[in-house]
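Going letter by letter, the sequence shown gives residues 31 to 213 in the numbering used here.
To be clear, the hints were calculated from the coordinates, so they are not data collected in a lab. The C-beta atom is built at its ideal place from N, Cα and C for all residues, glycine as well. Each hint should be verified, as a subset may be incorrect.
In silico DSS-like pairs for lysine-lysine, Cα to Cα no more than 30 angstroms straight-line [stated by the list, open to error]:
(1) K120 to K84
(2) K92 to K120
(3) K85 to K120
Okay, the calculated beta carbon distance ranges per label pair [said to hold, decoys possible]:
(4) I54 to T94: 31 to 39 angstroms
(5) S78 to D131: 14 to 22 angstroms
(6) Q141 to H119: 16 to 24 angstroms
(7) I54 to L117: 16 to 24 angstroms
(8) I55 to N93: 18 to 26 angstroms
(9) K120 to T69: 19 to 27 angstroms
(10) T94 to I55: 30 to 38 angstroms
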Amino acid sequence: MERFFTDYGEKSGYKGPEEAGTGIIPKMVYVGNMSFSTTEEQIYEAFSHAGNVKKIIMGLDKNTYTPCGFCFVEYISNSGAEAARRLLHKSVLDEREINVDLEFNFTEGRQYGRGQDGRQRSDQRRAWRDRDRGDSVRLAEERGKNFAYGEPYRRAVAVRRGRQSQQFRRFLSSKPGQGNEAR
Numbered sequence: 031m032e033r034f035f036t037d038y039g040e041k042s043g044y045k046g047p048e049e050a051g052t053g054i055i056p057k058m059v060y061v062g063n064m065s066f067s068t069t070e071e072q073i074y075e076a077f078s079h080a081g082n083v084k085k086i087i088m089g090l091d092k093n094t095y096t097p098c099g100f101c102f103v104e105y106i107s108n109s110g111a112e113a114a115r116r117l118l119h120k121s122v123l124d125e126r127e128i129n130v131d132l133e134f135n136f137t138e139g140r141q142y143g144r145g146q147d148g149r150q151r152s153d154q155r156r157a158w159r160d161r162d163r164g165d166s167v168r169l170a171e172e173r174g175k176n177f178a179y180g181e182p183y184r185r186a187v188a189v190r191r192g193r194q195s196q197q198f199r200r201f202l203s204s205k206p207g208q209g210n211e212a213r
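Whole structure, please, built from the sequences with the hints as guidance.
In structure tokens form, the structure reads like this:
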């Protein structure tokens, strides 16, 4: 019989212990939502409390090879990975609340991010990098050129369009001492 629908509930590349047929806990954890300025030393210091760390693989932007907010931590035993997930998930590292999850299917190359720009895929949809994750000065300067901060949002929209919208003109005329008083 023909299939009339696609089951989007199926996970495409993920293999947990049930799907892999092993039922064992992996020795590696994924750490997400990290600051871009977090160092390997800070990660090692935090994650060594859960067990003996074998290796840390920093997530890097595939174009610039700079950290992009995630990493993988491999332990000598699977009990270290389980303890890290249990103890460090939703903990604070470098002023950010991190996410820690067991990593069942790490493959070489995955540390270089996803998407077109090489960062984490969710970062690709952001207009600007998150200040809490280590926003660069260059991006802050670019923001100043494109947006009129300190003004109401409607003003910023009107400036970007290069003209004043009707809504913005009405906003100005409703404020005493600004806009066209004769109307």
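The hints, checked one at a time:
no.	hint	in the structure
1	K120 to K84	22 angstroms, holds
2	K92 to K120	27 angstroms, holds
3	K85 to K120	22 angstroms, holds
4	I54 to T94: 31 to 39 angstroms	37 angstroms, holds
5	S78 to D131: 14 to 22 angstroms	19 angstroms, holds
6	Q141 to H119: 16 to 24 angstroms	20 angstroms, holds
7	I54 to L117: 16 to 24 angstroms	20 angstroms, holds
8	I55 to N93: 18 to 26 angstroms	34 angstroms, violated
9	K120 to T69: 19 to 27 angstroms	21 angstroms, holds
10	T94 to I55: 30 to 38 angstroms	34 angstroms, holds
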